[in-house]
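Each residue of the sequence shown is one higher than the one before, starting from 9 at the first, in the numbering used here.
Heads up, a few of these hints could be off.
Claimed, not checked - Capping the alpha-carbon separation at 20 Å, the derived lysine to any residue pairs in SDA-like fashion look like this:
id	residue 1	residue 2
1	Lys-42	Asn-69
2	Lys-11	Val-61
3	Lys-18	Arg-57
4	Lys-42	Ser-26
5	Lys-42	Thr-14
6	Lys-11	Tyr-52
7	Lys-42	Thr-74
To be clear, the hints were calculated from the coordinates, so they are not data collected in a lab. These numbers come from a predicted model, not from an experiment.
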Amino acid sequence: MFKLSTEDLKIYILERVSRLGNINIKEYNFLENKHGSEDGFYIYSDGQRYHFVYSERGTENKHNVTDNLF
Numbered sequence: 009m010f011k012l013s014t015e016d017l018k019i020y021i022l023e024r025v026s027r028l029g030n031i032n033i034k035e036y037n038f039l040e041n042k043h044g045s046e047d048g049f050y051i052y053s054d055g056q057r058y059h060f061v062y063s064e065r066g067t068e069n070k071h072n073v074t075d076n077l078f
């Protein structure tokens with residue numbers, strides 16, 4: 009099954025969030041979280057699955073993975 013690239017995933021999410029009104033999505037990073045990355049939320053695609061990561065103090069506190077866009 010075809011998965012969206014990280015850039016296409018970003019466009020998809022931003023388009024839907026814009027319909028909801030005044031929501032701050034600037035705190036989300038649409039790139040892979042690397043050790044030592046800034047604190048925050050990371051959303052990316054590895055080509056097979058979608059990842060939602062919350063990182064704080066250089067450590068992943070939460071890392072959810074799904075193959076379902078919805």
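Hints, one by one, checked against the model:
For the proposed pair Lys-42 and Asn-69, the alpha carbon gap of about 13 Å is at most 20 Å, so the pair holds. Straight-line distance between C-alpha atoms of Lys-11 and Val-61 comes to about 18 Å, which keeps the hinted pair within the 20 Å bound. For the hint linking Lys-18 to Arg-57, the alpha-carbon distance of about 14 Å falls within 20 Å, and the restraint holds. Using a Cα cut-off of 20 Å, the hinted pair Lys-42 and Ser-26 is violated, with the two alpha carbons roughly 28 Å apart.
Proposed proximity of Lys-42 and Thr-14 is supported: the alpha carbons are some 15 Å apart, at most 20 Å. A C-alpha spacing of about 11 Å is found between Lys-11 and Tyr-52, which places the hinted pair at or below 20 Å, so the restraint holds. Taking the CA atoms of Lys-42 and Thr-74, the gap is about 19 Å. The hint holds against a cut of 20 Å.
In this structure, only the earlier hint numbered 4 is contradicted, and the remaining ones agree with it.
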